[in-house]
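Q: Sequence:
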Amino acid sequence: MKQMFFLVCTLALIGVNNAFAQEFTLKSEDLKGQLTEEQVFSGFGCTGKNISPSLKWLNAPPNTKSFAVTVYDPDAPTGSGWWHWVIFNIPSNIKELKKDAGNLQKGLAPKGCTQSLTDYGMPGFGGACPPVGDKPHRYIFTVYALKVAKLDAEEKTPPAMVGFMLNQNAIAKASIIAYYGR
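Going by this note's numbering, the sequence shown opens with residue 11, and the numbers climb by one from there.
Be aware that one or more of the hints could be misleading.
Claimed, not checked - Here are the simulated lysine-lysine pairs, DSBU-like style, with alpha carbons at most 30 Å apart:
(1) Lys121 with Lys37
(2) Lys145 with Lys105
(3) Lys145 with Lys160
(4) Lys160 with Lys183
(5) Lys42 with Lys183
As the list claims (entries may be wrong) - Label pairs and their calculated CB-CB ranges:
(6) Arg192 with Gln32: 20 to 28 Å
(7) Lys121 with Gly55: 15 to 23 Å
(8) Glu33 with Val142: 18 to 26 Å
(9) Ala170 with Lys145: 39 to 47 Å
(10) Pro141 with Glu48: 16 to 24 Å
(11) Asn69 with Asp162: 35 to 43 Å
(12) Gly89 with Pro146: 14 to 22 Å
(13) Ser102 with Arg192: 16 to 24 Å
It should be emphasised that the hints constitute simulated quantities derived from the structure, not laboratory data. All of these numbers come straight from a predicted model, not from anything done at the bench. Quick reminder that beta carbons are idealized off the backbone N, C-alpha and C, glycines included.
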């Protein structure tokens with residue numbers, strides 16, 4: 011009977027402890043549900059500023075060895091969606107990306123990380139640019155906590171391949187969805 015009581019008490023404490031545990035979370039001061047002109051692509055008929063938003067993540071799993079961030083539009087009329095940003099090999103001590111970190115010329119991304127190809131055919135952030143008249147598209151900003159310090163990928167690795175590697179090495183992930191239509 012004492013053993014059963016001890017087991018029930020232990021399980022209750024584990025449940026209480028888990029209830030207070032913080033979840034891996036992604037936040038942004040720049041994303042408020044709808045993308046703005048700042049996050050819209052400049053090209054392909056769009057006239058935005060093409061500035062990646064600031065992103066901050068909290069409560070990463072303790073065994074995280076690196077991070078990655080992607081921006082993906084599953085609503086693009088391609089049959090396979092559209093990759094707008096793929097940045098990986100972000101050191102585990104980094105917990106945020108500054109606004110416009112996706113601009114390779116500005117050098118705002120963390121040292122040592124890699125920004126690989128997007129579906130625009132170039133590395134770095136490529137903002138939203140859905141077809142005129144389409145329903146608003148979903149732009150899924152995701153941070154991945156990874157079990158490896160570095161992915162075996164480079165700037166020219168296709169985004170779908172990086173996505174495969176991310177999902178194979180993810181410990182946890184957190185996302186924000188924002189919308190944009192024109």
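Q: List in ascending order the numbers of the hints, as given earlier, that are violated by the structure.
A: Numbers 2, 3, 6, 7, 8, 9, 11 and 13 - these are the hints that the structure violates, sorted from lowest upward.
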